[in-house]
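A.B. asks: Listed below, chain by chain, are the residues.
2 protein chains.
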Amino acid sequence: MAGSLKVSPLLCSHKGTSQEAACLSNPQGAITLVGKEKYGVETYSYRFDGSNGRNPSIFFREKRVLDGFDDEYGGVVVNPEKLPFNTNVFASILRSSLSIWRREGKKGIWLKLPLEKCDLVPIAVREGFQYHHAEAGYVMMTYWIPNEPCMLPANASHQVGVGGFVMNDRNEVLVVQEKHCAPELVGLWKLPTGFILESEEIFTGAVREVKEETGIDTEFLEVIAFRHAHNVAFEKSDLFFICMLRPVSTEIKIDDLEVQAGKWMPLMEFVEQPLIKGDNMFKKIIDMCIARVGKRYCGLSVHKVVSKFDNRLSSLYYNVVDHQTHGCSTSYT
Amino acid sequence: MAGSLKVSPLLCSHKGTSQEAACLSNPQGAITLVGKEKYGVETYSYRFDGSNGRNPSIFFREKRVLDGFDDEYGGVVVNPEKLPFNTNVFASILRSSLSIWRREGKKGIWLKLPLEKCDLVPIAVREGFQYHHAEAGYVMMTYWIPNEPCMLPANASHQVGVGGFVMNDRNEVLVVQEKHCAPELVGLWKLPTGFILESEEIFTGAVREVKEETGIDTEFLEVIAFRHAHNVAFEKSDLFFICMLRPVSTEIKIDDLEVQAGKWMPLMEFVEQPLIKGDNMFKKIIDMCIARVGKRYCGLSVHKVVSKFDNRLSSLYYNVVDHQTHGCSTSYT
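For the protein sequence lines, the chains are C and E, in the order given. With my numbering as the guide, the letters of the first sequence map in order to residues 6 to 338. With my numbering as the guide, the letters of the second sequence map in order to residues 6 to 338.
A portion of the hints provided could be inaccurate.
Unchecked claim - Keeping only pairs whose Cα atoms sit at most 20 Å apart, straight-line, the calculated SDA-like set for lysine to any residue is:
#1 E/Lys112 to C/Val276
#2 C/Lys288 to E/Arg317
#3 E/Lys313 to C/Val310
#4 E/Lys313 to C/Trp194
#5 C/Lys282 to E/Glu153
#6 E/Lys313 to C/Val325
#7 C/Lys111 to E/Ser306
#8 C/Lys313 to E/Asp124
#9 C/Lys300 to E/Ile281
#10 C/Lys122 to E/Lys122
#11 C/Lys300 to E/Tyr143
#12 C/Lys282 to E/Lys112
#13 E/Lys289 to C/Asp124
#14 C/Lys111 to E/His185
#15 E/Lys289 to C/Lys300
#16 E/Lys184 to C/Pro188
#17 E/Lys289 to C/Arg317
#18 E/Lys87 to E/Glu153
#19 E/Lys184 to E/Ile281
#20 C/Lys289 to E/Lys184
#21 C/Lys313 to E/Asp315
#22 C/Lys122 to E/Lys184
#23 E/Lys313 to C/Asn236
#24 E/Lys184 to C/Ala187
#25 C/Lys184 to E/Glu153
#26 C/Lys216 to C/His185
#27 E/Lys282 to C/Phe314
#28 C/Lys313 to E/Lys313
#29 C/Lys313 to E/Leu193
#30 C/Lys313 to E/Leu318
#31 C/Lys288 to E/Lys282
#32 C/Lys111 to E/Lys282
#33 E/Lys112 to C/Arg317
#34 E/Lys112 to C/Gly192
#35 E/Lys112 to C/Ala141
#36 E/Lys111 to C/Ala187
#37 C/Lys122 to E/Lys313
Read the hints as simulated data drawn from the structure, not as lab findings.
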């Protein structure tokens, strides 16, 4: 959806603008001249007549700007491949780049600094850059130039977890005991769960987690429900999708690293566990899964769709009710 | 769910372990001694007899470790308040801390470096730390000590967007034209959309976005469907929830910063827009919204639940079907 691509003021202070004066006041003379070959920065010259009519003189000044490309929102994405390694050189080029970008009316500046160029981080901070997000190998820094509310897009805000409800034809549920779990959960037989991987689908993530933890092969049927919780890790939020899966194998082979034990547990024995029975959320989730098996509940099935707007094949999850039977369109067995 | 709290190997290379040799080989003598008052680092001494029986001698050695606390996974969370500002001091204390933590069998080390302590980033990288995530004011760095696969939890992987389908009793849909949008979307009358804010609920985010963009007050009814797309921004994924809202005010007042125009548009006129009509995804979404208004579709309503395991009040979204009417439990009007 367009909404997913829309810029957002989240996580963005106006530090960039408050730094303008400092940047504008930087004496141009302080900038050392370097060639683009050596440091991979675009150089260009312009010429103007500094005479006042009495003392005519013509001189040249060279301005340097960091290599990069314009984004569709009037910003600049700096090319991380062509960043100078020398911190002094970087400092002066970054300063002159900011004054050039400001004069050109640029808005958001994106500066991606790989781990091996971490020495440039303090320089960027001193010029008024802030952190935007980071992955293992890099930190992305941003600078908002305009004197108006920052419109840079938001950093990722959520982790996505999946849980698999897998029941065989003997009414036994696939359950595990986790190795690394909170003290209050020790001994609990629970559904296999985990985080989805980068760019992984919810339905494939659920199937993968079940396979990894228990060795059981499954087919995804539906998302039964999802839970939204906040301040789970690093003040981030958490979306957890309970998926109904159909088993296509029977032999359990647990992953010793993550899982303490795994087994097929009679449904009634599973729900009678005090920790499940006494917990509003777990009880509700299991009730829905049981209702789904009995076709008294419809979850969301996944449908691959392409939108013209981004030409992206994405997954649309929605409810398909069979209007003849008023039951779910996909049967469990 | 416990799954949401489970540690995950996502985004974690074994760089930490590959750096072990380097860290272990650091000569202890290289560490300068500092008092805790001055740099806010915990200091302690131990004493041992270095004699071989022939040349008895007793000497002292001082070891320093960064202030912090143990996490529940056998790791250490360094206290950002007590980090030394001096880079040389930090380098030596970090090195000695790592060798102490290693000897103590610690696992993951969490080092949060605020913007004002950005000078410490290159030092941490040289000691083998990687970036984990970052927000405007800080970067979180990690180091995995054990010689086994890294089990540090994942960084946030998703952005969450919401869109509001709002129809009045004259069968008019609340639509907007966006100011900042992709060229192919110019002129399209679309549903109000946006990102949810940090720790914001999906249902409140949808109501807020509609209010901000159009000035219309609404009540949340249901999540109709959601879309999962990948590599949307910074290689992150995107979850977009289409929400059905009931309007409780009529007068439109658009937000000039984000929105070009807004109006109540006859439903048929809205769906007949070539950009909607010709797009599989948009068409399907609108069809579901219309079906929901006619009670031929059930979305997911929100229910507040507390789980004993984290004592957190969270939102559980699921389908409630009225078994008398086989219709949705919540009526639109």
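A.B. asks: Hint check: E/Lys184 vs C/Ala187, CA-CA at most 20 Å. Holds or violated?
C.D. replies: violated (48 Å)
A.B. asks: Please verify whether E/Lys289 and C/Lys300 have alpha carbons no more than 20 Å apart.
C.D. replies: Violated, because 24 Å separates the two Cα atoms, which is more than 20 Å.
A.B. asks: For E/Lys184 and E/Ile281, compute the direct alpha-carbon distance and say whether it is at most 20 Å.
C.D. replies: holds (19 Å)
A.B. asks: For a C-alpha distance cap of 20 Å, please report whether E/Lys289 and C/Asp124 respect it.
C.D. replies: violated (50 Å)
A.B. asks: Going straight from one Cα to the other, do E/Lys313 and C/Trp194 come out at no more than 20 Å?
C.D. replies: With a Cα-Cα distance of about 16 Å, the restraint between E/Lys313 and C/Trp194 holds, given a limit of 20 Å.
A.B. asks: Under the criterion that the straight-line Cα-Cα distance not exceed 20 Å, is the pair C/Lys184, E/Glu153 satisfied?
C.D. replies: Holds: C/Lys184 and E/Glu153 sit about 15 Å apart, inside 20 Å.
A.B. asks: For a C-alpha distance cap of 20 Å, please report whether C/Lys122 and E/Lys122 respect it.
C.D. replies: holds (17 Å)
A.B. asks: E/Lys289 and C/Arg317 were given as a pair; does the straight-line alpha-carbon distance stay at or below 20 Å?
C.D. replies: holds (16 Å)
A.B. asks: Sort out whether C/Gly192 lies within 20 Å of E/Lys112, counting only the CA atoms.
C.D. replies: Cα-Cα ~24 Å, so violated.
A.B. asks: Please work out if C/Lys111 and E/Ser306 have their alpha carbons no farther apart than 20 Å.
C.D. replies: violated (43 Å)
A.B. asks: Going straight from one Cα to the other, do C/Lys313 and E/Asp124 come out at no more than 20 Å?
C.D. replies: violated (46 Å)
A.B. asks: Run the distance test for C/Lys111 versus E/His185: straight-line Cα separation, threshold 20 Å.
C.D. replies: holds (15 Å)
Taken one by one, the earlier hints fail for this structure at numbers 1, 3, 5, 6, 7, 8, 9, 11, 12, 13, 15, 16, 18, 20, 21, 22, 24, 28, 30, 31, 32, 33, 34, 37, listed in ascending order.
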